[in-house]
Structures are given as structure tokens and as C-alpha cells.
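Enquirer: Each chain, letter by letter, is given below.
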Amino acid sequence: MDSLVLDIAHLLAGGLVLASFMMLYQDRLNALLNVFALHAAILALAVAWQAYIQNAPHLYLTAGIALVFKALVIPLALYRIVRQLGIHREVETVVGIGPTMLAGMALVALSLVLMLRVTPGADYIAREDLAFALSVILLGLLMMVTRRNAVSQVVGFMSLENGLVLAATGARGMPLVVEISVAFSILIAFIVIGVFLFRIRERFDTVDVGALDRFRGDRG
Amino acid sequence: MNAELVVGALLAIPLGAAGLLALLAGYRLTARLNVVASLLTFGAAMALLLASPPPPGLYFFVDDLNIVFIVINSFVGLTTSIFSAGYIAHEIETGRLTPVYVRFYHAMFQTMMFGMNLAFVSNNIGLMWVAVELATLSTVLMVGIYRTHEALEAAWKYFILASVGIGLALFGTILVYMAAQPVMGEGLPAMVWTELVQHASRFDPALFNLAFVFLLLGYGTKVGLAPLHAWLPDAHAEGPTPISAVLSGLLLNVALYALLRFKILIAASPEAISPGPLMVAMGLTSLIFAAFMLYRRRDIKRFFAYSSIEHMGIIVFAFGVGGPLANFAGLLHMAMHSLTKSAIFYGVGRIAQVKGTQNMADIAGLTETHPWLGWGLVIGVLAIAGLPPFGIFMSEFLIVSSTFAREPLLAIPLVFGLLVAFGALLLRVTALAFGEPRGKVGPAEGSNVPMFAHFALVLAAGIFLPPALVSWFQNVAAILG
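So the protein lines, in turn, are chains A and V.
Read in order, the letters of the first sequence correspond to residues 3 to 222 in the numbering used here.
Read in order, the letters of the second sequence correspond to residues 148 to 628 in the numbering used here.
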């Protein structure tokens, strides 16, 4: 395979990692949602490129879902929630942005070392893709643990999920990728619609998970 | 009988019922329909025992291992739906739930049963993942159904941890495919479990090892293994009690089942790491951690939730030790724990409704004021603590003795954990069941039948296991390796 094809695949997967890093230092919810929309759009491009080079037309469907659902519908819905709740100001972080970025770098290094070491025999597109995908997954996890705000935790989860879709499409000829991405979209839609609009908003003025922590029974 | 038809029924009945229950109003009618649908599902599960197993397909298959899980699952589902009917009626009377939410609740209950059955019969590791996700999602929504601060927090924590677990499990699944693809080629067969097992010895061991670590962490989160258990006590305590019963009795088993399938897979590859030590370590950690945490609990449902963590630890430990005897004991323990723990939750749910509180300090002297409930709780706790003549005594005895036979040193922490938990259970049950009655003494509504039916089965298993069942479990233990 010629190297330009590979370079583009790596560029897009690397772009996803970069967008994950950009999410880590956003301190306003609207800006965070913008970056997430960018993240989803890059994912759509990366998946479409995989569909093209693997000659797998069904992956275009996954790319379409990523573009329409995750880059447009979900961010718009979340903008609405954020505006209605009036929480577009600062995002409370548990750990400062500096240490978070350092931890993020360490995680990326870890996933590169881990994946490149264990996959010498694997398909060489899949290999780098998997390493990038694991980085995106770990950065998504990092975001979920370092944010107190429920909206940014959901965004963290969705970026984690983007990493999984990247991994699944990178694995050449993997069946059920479309079904899995649909299942994930349903999960996210449920959570965004159900948990947020109907549950949390009724009870709380803010969507800050700290407000949920007020109850201290014998938790844990 | 045609087994494919039965498998179809196992999936179609809960799915159809979920759709129907979402449309129908009137909680009395829907509660009855819920019972009928669960009864039909149980009937289909029993029919599966008689049917000759079909050749494994690309998506579905039936073998001795998943039949055990399906039968236990649908039986506990049936008794839970009976218990749930009485429980829901009380919640509507006291205004904690409105009819609209009950409609939603019943539809979700059947969706969960569908997801679990789908996870058990699926031969495709991708499909199994989707099914486990579906079952989890439906329980997340039910845990938050009371919409109190505590319920929302519990549902949120459950959602976050469960989705992280789900994500890690999917990554593990993708890695298994990546390991299989060079050997088996692209496409569907490389995700079919029965095919994977045949070729597992030729997979790239390094990739396979990494896959198992992700799968163990991912599905292990949902089994409730320490230190990934944080969602479990909250979800048990704040949701409706029928959901606590199915979480402990069923959902943990579904995740365990997924873990066992992958354990068999990786054990088939001689060069890969052996999964046993990892499972033993996580099992023992959960057991000992949960045993100590039992002493500090004040909420009765949280208390029994920690007991579930403890028992899942024991089961994972037993499967980790491996060998015919330990696997047999682990399987028996899994069955006994499902029956006993769900029965305890049936009792606890009614106790909490009568007393209007879940705080253990406000509940005492139950055997005087509510003899059936009080003695039911005593029987349940004695059974779960592992006293003879109940079935759990036998399975724990087998686990300890097989551990002595294989790895004597491991038996020390195991027995230590069991004794610590035993002390906590006895301490609490004496305070709850005996002494000066405390709290409200209103009449208990609903039926004791589901609870005592489970106890009767657990007692019967402790006294006499039918030879047919023993040979069945021995077959399964052989599959588990």
C-alpha cells in the first residue's frame, strides 16, 4: 500500500488524539462542546477514510452516524441544556489543567508503548490506529475523572466512545461495527435525553455532580 | 423439540412483552402481564432442557453452560416478577411511584430480561457485548426511578462506572478479533465463540493477553469485583427492591458468564497467560474487602449488596482456582447465591416497606412483630452465611476443600474472609430479628411465597442434589477447564 494512504490514516487518527488533548484544557462548557463536535467530525473523516482504503462501504454508515449524530445533534442538544440551565460559565475541575495535561501525555506514551509492543504481527494500519485509539480512550477516561460537571463527564464518555469506534473500524473487516456504533448512539441518546432532561433538571438547579454529592449516608 | 424455536421464544417473549407493557396503562393489569411473560420465558427455558442442542450458528448457540444460566435466570426473573407485583402496588399506594413510571418500569424489566437472555444465547462476542450493554442500560434507568437525590446519584455513578466497564470490555473484544483475524481471516467467523475456541491456540499470545486484561477489567466492573465495585452498593440501595434482587441475582451473573466465556477462550491458548491467578487475586480482594465493609454498614440494602460483592468474589475465586471440583463448586455457589440473595431482597423489600426505613438501627425484633418476615430473614442470613444444611454450606465447603487440595496456602485468606463475613452477618441478623421491637408494626402486605420457595430450593440442594443435576454440573465444570 502506498505511504500516502497510510499517512492520511495516521494524520486523522492523530488528529483525534490532538482533539482529545484540546478537550482537556477547555474551561467553558460551550467551548468544550465545540471541541467535541470537532472531535466527532475528525472521527467521521477517519472512519470514512478507513471505509475507502478497506473498500468497506458499510463503514460509510458509521461515518455518517458520527457526523450527523455526534458532531451535530448531540452537541446541539447539549448546547440547549447548557443554555437553559445557565451553566455556560466555568467548568469546575478536580485537578488543575497543568497536571491533567501531564497525565494525559503519560497515558498517550503508555498506550503507544503498550500497543506497539504487543502487536508486531498485526496489520500495520491497524497497529498504529489501535495505539491512537487506546490513547483517545484513556484520555476520555481521564476527562471523566477530572471533571465534576455532569455535562463534561458525558462529553468525556462520548470521546472515549469515539476512540472505541476508531479501534473497531481500524480492525480490518471486523463485523458488527455498524451495529455497535448504533448501539452506542442509542446508549448516549438515552443518557442525554433520559438522565439529563427528565431526571437531573427536575431536581437540581445545576448539573454539577458536586450537587449530587450532598447526600452523605454510609456511601461507598 | 426444535431448539432454535425455543431460543427464538426465549428472546421474543420478553421483547414482545416489553413493547406491550410500554403501551398498556393500569398497573394491576401490567403487573400481572409481567408475571405471565416471565412465566412463559421460564417455560421456554425449561423446554430448552428437553430440546436437543442445535449445531452452533453464527449468532446463537446452546450448550450445557449457558442452559444453567438461562434456567436460573428465568426462574429468578419469574419469582421477582411475582414479588414485584405486590411491591409496586404498595409503592403506588404510598405515592412513591406514579402509574406512568410503573409502566416504564415494567417495560424496562422485560427489556432487561431480553438483554440477559440474548447475552446468554449469543455465540458472537460482539452480539454478547451489545446484549450486556442493553441489560445494563435498562437497570440504570430503573435504579434512578425514584428520582430522589440519592437515587439520582446512585444511577449516575452506576452509569459512569458501567459505561467505563462497557467501553473497556468492547476494547477487549476488538483486541480478541484482532488476535483472531490473521489466523481465521476477516469477517464474521472471527467473532464466533465456538470457532474462536477451536483456533485459539494459534492466536498471537501477546495481543490475546492484553485483550483478556481489558475484558477482565471491563466485565469485572459489572461483576462488582473490588476495586471496581463502587457502583454496586448505591445501585442496590437506592433503586426499587425488585431491582436490587435482579441486580444481585441475575445481572452480576450475566457479567460473570461473559467473563467465563473469555476465560475458556484464553485457557485454550497454551502460550497466553493463564487467567486463573488474576481471577483468584481479584476474587480474594473482593471477598476480604467486602467482609470487612459489612461491619460498617447502616443501610440494610447496602449491607446485603456488600454481601453480594463478597459472594461474587468467592465465585470468581473458585473459577480462578479451576479444575473439575472447584468449577463444580463455583457453579453451585453461583446458583445458590442467586436464589438465596434474591430471596433475602424479597424479604428486605417488604421489611423496608413495613418499617418505612432502610436504616438498620431503626429495625429490631422482627420475629415478634412479623414472624414470617423475621424468620424468613433469619433463614436467609443463615443460608447466605454458609451454615448447614443449606446449599451454600455445601458449595463453600467444596470450594475450601478443593482449594486445600490444589493450593493450600490460598485456603487461609479464603477461610479468613468467610469467617469475617460470617461474624458480620450473625451480628446484624440478631439485632434485626430479635430483641425489643422497634419501628412501625403495621401489617405486611404481599406474599411470602417467592421468598420461601427459594429457601426451599436452597435447603433441598443442601440436603440432596439429584444425580442428574450433579452430572450436568460436572459436564459444565469440564467445559470450564
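These are computed hints drawn from the structure, not numbers from a lab.
Each hint should be verified, as a subset may be incorrect.
To be verified - Derived coverage of chain A by chain V (criterion: at least 3 residues anywhere in the stretch with Cβ under 8 Å from a Cβ of chain V; other residues may be distant):
no., segment
1, 157–165
2, 169–182
3, 185–193
Computed from a predicted structure; not experimentally measured.
Think of the CB as a built atom: it goes at the ideal place given N, C-alpha and C, for glycine as much as any other residue.
Enquirer: Compare the structure with each hint and give your call.
Expert: Each hint, compared with the structure:
no. : hint    : result
1   : 157–165 : holds (count 3)
2   : 169–182 : holds (count 10)
3   : 185–193 : holds (count 4)
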